[in-house]
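K.L.:
Next come the chains, spelled out residue by residue.
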Amino acid sequence: MLPTTTSQSCDRARIPAPRRAHRPYIVFAAAVWIVGIAFGVRALQRFESAPGAVGLTPAEWPAGSQIVREPGRMTLVMLVHPQCSCTVASLTELAEVMERARGRVNAWVLFVQPRSAPHSATWDEAAQLSGVRVGVDPVGAEATRFGALTSGHIVLYDPAGRLLFSGGITAARGHAGENMGRIQLLAMLDATTPTMQRHAVFGCALDRETVPRSASSLESRAAPRPVSAQGRPQPAGAR
Amino acid sequence: MAINKRAAEILRDELQDVYAKTDRMFLWLFIFQWVAAIVLSLVISPYAWAGRNRTLHLHVEIAVFGGLIINLLPIALILLRPGASITRHVVAVTQMLWTAIFVHLTGGRIETHFHIFGSLAFLSFYRDPRVLITATGVVALDHLLLGFYWPESVYGIANPEWWRFLEHAAWVLFEDIVLWLGCRRALLEMRVASVREATLDVSMHQVEQQVAERTAELKTAADRYRNVLENTSAVPWQINRDTCEIVYVAPQLVTAFGLPESAGRTANFLDLLHADDREPFLQFIVQHAAGAARSSAHIDSRIVADDRTLSIRSFLAARDGAVNSTGVYGISIDITQQKKLERDLAQAQKLESIGQLSAGIAHEINTPTQFIGDNVRFLNESMTEVFSVLQGLETRAGTGGVGGDELAKWLALADVAYLREEIPKALSQSLEGVARISKIVGAMKEFSHPAIESTPHDLNRAIASTITVASNEWKYVADMHTDFDAALPPVTVMPGAFNQVILNILVNAAHAIAEANAGKPGARGAISVSTCKIDDWAEVRIQDSGTGIPEKIRDRIFDPFFTTKPVGKGTGQGLAIAHDVIVNKHKGTIAIETAPGQGTTFVIRIPIAGDEATATIAA
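Keeping their order, the protein sequence lines are chains A and B.
Residues 0 to 238 (numbering that gives the first Met the number 0) make up the first sequence, in order.
Residues 0 to 618 (numbering that gives the first Met the number 0) make up the second sequence, in order.
Just so you know, these hints were derived from the structure itself, not from any lab.
All C-beta atoms, glycine included, are put in the ideal place defined by N, C-alpha and C.
Incorrect hints may appear among the rest.
Here are some of the chain A residues that sit facing chain B, going by a computed Cβ distance under 8 Å [unchecked claim]:
| # | residue |
| --- | --- |
| 1 | Ala28 |
| 2 | Ala30 |
| 3 | Ile36 |
| 4 | Ala37 |
| 5 | Gln82 |
| 6 | Ser84 |
| 7 | Trp122 |
| 8 | Asp123 |
| 9 | Glu124 |
| 10 | Leu128 |
| 11 | His174 |
| 12 | Asn178 |
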């Protein structure tokens, strides 16, 4: 006859599972496993947290820049490597920044790549960002002017041409999410901090071979060809 | 108590099964995640670039080799220690590590963090809340360590509060609680089910135990019966009631009946029997198998084995109770010795009867013999006197003759007148005595007819002879009245056996009359013997005026060795033999009409044409 009170029966039926002593080889294997994982984590952490190289960013808007500043608006320029997967995270953060800027900034994403090179997926992603214009820096002249050596490097200048921020806006390579770089950049946009801010840049190295060694050579290079926010080339008159 | 113990065993087994199955699920999940991670890394970040130079991205290496390493231990444990506690805890740790890998591969996307919650749901399949705690501990430890060493990577700021890891862990714990409730409910249902199954198991075990005990008892009983049945001289069998084909026959058939080994392989029971007995046996089976089995239903048959013939008696024991079964059970016993004993007993009984009658018969013969002797002696003396007279006359005749006076003197001397009167009487009496002796001897001869085969006989004459033979038994106590049907045709009987029956009944009648008239000097009873023909039957009625038969013993009077007579006067075989002779040997009937103090009438009916005619009529 079945019991009518199930809880009592269940209590009586409760029985601890048999415990078996772990054999030494399991303990040894687990130890080796943990050590292996620790090495992997360490390698990953070192890779992702290693900042890229950063050049000298001029404190005033470089006169040779082909980018046209707009009166009364801050100017933001991000230099990126077209194939750098880490830059996707930077673009994600840039989207967040642009959302917060609400039209107060004139933003450019320049791809350091030959003009004839096909657009990468990163280009398309950048072109989708609101309020951002995408262009090509075919010989890396702009990157050189702004001291950008690592993909995802952002420079922000106020309407008067003074440098407000220089660095990356991710916490690690290819790592999206809240980070000090983005916080600092937003603080400068909001003008809540008076001093210029810098932050490490995490990403792939830009194509240095295209970067000229002198300003003259820089001048001889073709100017970047700005494109619209939708990624379409703009006529020269629109600059 | 047994139910609780069994329920605990069932629950443990069920949980072990759940653990092992979930282990196998994770085995495939780990492999899938490994492949997915490799594909994801190749799609998202195949290369790390340095200008125009590219190298394989560390994420790819982590996906391939890191994924392989973190999968190795749990997969090994799943294969080697499925269901073990260590296995599922390692699985929990591994699954959390996979979350970390995917988070890194996807650039820390918020959406990827949902992998944690999906993983916890998968881990809840173990129905072991401790596994959830392990997984949650890994998450908390990860955030704690990263909070110390690389806080920006998880919190986005350089100096987070120390308890920030607890905030993240709390959300995981929130899901843990939900999953724990689910586990608890599932465990509760498993426990209820285990108790239910244990109850069934215990009941089934008890039933099986009872079945085993009953089966053992049945086997013991069957062995006992088999030992009894197969170690006796009786031979049980089962045959087809329509064809007599043997379904089963006890192995002692050969030994019990002394048959050749080949008899044990006989397929049909009829083949064992004498050719003349097969059809009667088949008819017997067909006739009795259709109705309710009676233990008294039996048939005697013969078996011819080698150079001897043995008699068996087969009893129809029972019909097979199975539906549509055509089998019948029976048993056969060797009655060869019994038949011989019966014959010997009948002969002994006959000799006993003759012995008992011998004194009376001797007396019957002695009386005429005595007076025959007296008469012969008288004749001898008379003839001596006659011869002396004749010799004197012969002498006188040689010397001149004898005168009338002298002759009268000689005749007077010889008392010729007396002799002339008595000698004829003496001769007549002697002849009568010789006739009486001749009659008794003839009756004795007829009574002791040696024929054992049934042949047509004059029943009236046979009965009269027996009455004569037994006259010394009844003539002192009763008057004999006979009423024989002169129209009675010859009746097919075994004369010796039939006479024995009549004798036994007459002797019993005389004894009953003597008992009834005991203490009544001069009182005489009466015995009436009559015959008549009724259809195809001859009826013999023997009536006495004796004591009658009490009600309580009427059913036993034909039983062997049953007698009410004092020791030495009766053996209890008389009526038993009478019943056997009339019923079994002549296929007739024997009945009694009696009342205490009113005497007894035995009514015997025998088919005039014999047994075969009766069988024909009955058919």
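K.L.:
Against each hint, give a clear statement of whether it holds in the structure.
P.N.:
A quick look at each hint next to the structure:
1. Ala28: holds (6 Å)
2. Ala30: Not OK, violated: A:Ala30 not within 8 Å of chain B, min 10 Å.
3. Ile36: holds (6 Å)
4. Ala37: Nearest chain B Cβ about 11 Å off; hint violated.
5. Gln82: holds (5 Å)
6. Ser84: It holds, given that the least Cβ distance between A:Ser84 and chain B is near 3 Å, below 8 Å.
7. Trp122: violated (15 Å)
8. Asp123: violated (15 Å)
9. Glu124: Because about 12 Å separates A:Glu124 from the closest Cβ in chain B, which is outside the 8 Å limit, the hint is violated.
10. Leu128: Nearest chain B Cβ about 16 Å off; hint violated.
11. His174: holds (4 Å)
12. Asn178: OK, holds: A:Asn178 within 8 Å of chain B, min 5 Å.
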